[in-house]
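There are 2 protein chains.
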Amino acid sequence: MKDIHTIQQYVLTHIPLSGAMGVQVEEATPNKVVLSAPLAPNINHRDTVFGGSASALCILSAWTLVHFRLEGEGYGCRVVIQNNTMAYDRPIPEGFKAVSILDDEAKWEKFTRILSSRKKARIVLNASLECGGKKAGLFEGTLVAAMRSASPE
Amino acid sequence: MKDIHTIQQYVLTHIPLSGAMGVQVEEATPNKVVLSAPLAPNINHRDTVFGGSASALCILSAWTLVHFRLEGEGYGCRVVIQNNTMAYDRPIPEGFKAVSILDDEAKWEKFTRILSSRKKARIVLNASLECGGKKAGLFEGTLVAAMRSASPE
Numbered sequence: 001m002k003d004i005h006t007i008q009q010y011v012l013t014h015i016p017l018s019g020a021m022g023v024q025v026e027e028a029t030p031n032k033v034v035l036s037a038p039l040a041p042n043i044n045h046r047d048t049v050f051g052g053s054a055s056a057l058c059i060l061s062a063w064t065l066v067h068f069r070l071e072g073e074g075y076g077c078r079v080v081i082q083n084n085t086m087a088y089d090r091p092i093p094e095g096f097k098a099v100s101i102l103d104d105e106a107k108w109e110k111f112t113r114i115l116s117s118r119k120k121a122r123i124v125l126n127a128s129l130e131c132g133g134k135k136a137g138l139f140e141g142t143l144v145a146a147m148r149s150a151s152p153e
Numbered sequence: 001m002k003d004i005h006t007i008q009q010y011v012l013t014h015i016p017l018s019g020a021m022g023v024q025v026e027e028a029t030p031n032k033v034v035l036s037a038p039l040a041p042n043i044n045h046r047d048t049v050f051g052g053s054a055s056a057l058c059i060l061s062a063w064t065l066v067h068f069r070l071e072g073e074g075y076g077c078r079v080v081i082q083n084n085t086m087a088y089d090r091p092i093p094e095g096f097k098a099v100s101i102l103d104d105e106a107k108w109e110k111f112t113r114i115l116s117s118r119k120k121a122r123i124v125l126n127a128s129l130e131c132g133g134k135k136a137g138l139f140e141g142t143l144v145a146a147m148r149s150a151s152p153e
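Residue numbers (the working numbering), protein chains in the order written: chain W, 1 to 153; chain L, 1 to 153.
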């Protein structure tokens with residue numbers, strides 16, 4: 001997996017809304033991606049985080065995990081989100097984080113096995129929305145990876 | 001319901017991410033809100049619309065309908081999103097719209113009746129994501145309204 005500065009630069013360059021949101025890549029390993037964003041650019045009429053920003057940060061954390069882990073494993077893929085659910089459990093009055101964790105290696109192995117054989121595969125990932133160390137919401141999304149070429153090498 | 005210029009100004013002032021996204025209020029009636037956004041500030045690594053932007057525009061369209069319709073009917077409320085689902089049916093390679101429609105007056109009446117009696121009520125709204133006149137995705141969200149004061153007058 002690339003280092004967080006390279007990932008940060010990629011995300012800012014290719015998804016400009018992440019710059020407007022003030023997204024920072026805090027942690028990026030094959031099993032965990034943590035993104036953060038400050039309140040100010042993501043504030044709403046209630047002086048808490050806009051649901052659209054919370055949702056976008058979660059989508060971005062799950063996408064970052066799948067995109068950069070696949071890239072690190074040598075797959076030339078495009079990764080897009082197919083669908084998601086999002087629960088907003090409480091108002092967020094300050095900076096917030098989206099934490100996407102993949103703790104099921106068997107799920108990843110099945111995903112990449114299908115991707116290798118069928119050139120396309122889906123994976124379901126969760127991301128928790130956090131504020132001040134407490135859970136503030138939960139995202140679950142299905143991401144689809146499709147090979148750019150017939151050979152993933 | 002307020003006119004679209006007033007609503008546009010409110011949204012831009014209170015939810016700054018809408019400015020970064022280039023959100024325009026195209027239509028706003030008690031039964032329909034249409035918001036649009038251009039591709040450029042919402043682009044992703046695939047040169048199509050970032051899922052987070054698509055999701056945010058849908059959330060904003062449903063919120064705008066409920067917030068401004070309640071305000072127009074004299075309710076002093078705060079309106080927040082509680083949860084949502086979002087399906088991204090196809091890539092969006094250009095400007096896009098979120099169209100939130102409330103075509104069930106009985107649903108609205110039940111919502112405001114409960115809001116008046118219990119000071120808090122939920123309503124489920126859909127918004128379709130559109131591009132070039134075609135459907136590109138579907139949002140369904142639950143919004144919660146809570147009275148600011150005991151009397152809605």
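Simulated from the structure, these hints should not be mistaken for lab results.
Wrong hints could be hidden among the right ones.
As the list claims (entries may be wrong) - No farther apart than 30 Å at their CA atoms in a straight line, the calculated lysine-lysine pairs in the BS3-like style are these: (1) L:K119 / W:K134; (2) L:K119 / L:K2; (3) W:K120 / W:K134; (4) W:K119 / L:K134; (5) L:K120 / L:K107; (6) W:K32 / W:K107; (7) W:K32 / W:K119; (8) W:K119 / W:K107; (9) L:K107 / W:K120; (10) W:K120 / L:K120; (11) L:K2 / L:K32; (12) L:K2 / W:K119; (13) L:K32 / L:K120; (14) L:K134 / L:K2; (15) W:K2 / W:K120; (16) W:K135 / L:K119; (17) W:K2 / W:K107; (18) L:K2 / L:K135; (19) L:K32 / L:K119; (20) W:K110 / W:K2; (21) W:K107 / W:K134; (22) W:K2 / W:K32; (23) W:K134 / L:K120; (24) W:K135 / L:K120.
Hints, one by one, checked against the model:
{"no.": "1", "hint": "L:K119 / W:K134", "verdict": "28 Å, holds"}
{"no.": "2", "hint": "L:K119 / L:K2", "verdict": "23 Å, holds"}
{"no.": "3", "hint": "W:K120 / W:K134", "verdict": "36 Å, violated"}
{"no.": "4", "hint": "W:K119 / L:K134", "verdict": "28 Å, holds"}
{"no.": "5", "hint": "L:K120 / L:K107", "verdict": "15 Å, holds"}
{"no.": "6", "hint": "W:K32 / W:K107", "verdict": "14 Å, holds"}
{"no.": "7", "hint": "W:K32 / W:K119", "verdict": "24 Å, holds"}
{"no.": "8", "hint": "W:K119 / W:K107", "verdict": "17 Å, holds"}
{"no.": "9", "hint": "L:K107 / W:K120", "verdict": "41 Å, violated"}
{"no.": "10", "hint": "W:K120 / L:K120", "verdict": "45 Å, violated"}
{"no.": "11", "hint": "L:K2 / L:K32", "verdict": "13 Å, holds"}
{"no.": "12", "hint": "L:K2 / W:K119", "verdict": "51 Å, violated"}
{"no.": "13", "hint": "L:K32 / L:K120", "verdict": "23 Å, holds"}
{"no.": "14", "hint": "L:K134 / L:K2", "verdict": "28 Å, holds"}
{"no.": "15", "hint": "W:K2 / W:K120", "verdict": "23 Å, holds"}
{"no.": "16", "hint": "W:K135 / L:K119", "verdict": "27 Å, holds"}
{"no.": "17", "hint": "W:K2 / W:K107", "verdict": "22 Å, holds"}
{"no.": "18", "hint": "L:K2 / L:K135", "verdict": "27 Å, holds"}
{"no.": "19", "hint": "L:K32 / L:K119", "verdict": "25 Å, holds"}
{"no.": "20", "hint": "W:K110 / W:K2", "verdict": "23 Å, holds"}
{"no.": "21", "hint": "W:K107 / W:K134", "verdict": "27 Å, holds"}
{"no.": "22", "hint": "W:K2 / W:K32", "verdict": "13 Å, holds"}
{"no.": "23", "hint": "W:K134 / L:K120", "verdict": "25 Å, holds"}
{"no.": "24", "hint": "W:K135 / L:K120", "verdict": "24 Å, holds"}
Hints 3, 9, 10, 12 from the earlier list are contradicted by this structure; the remaining hints agree with it.
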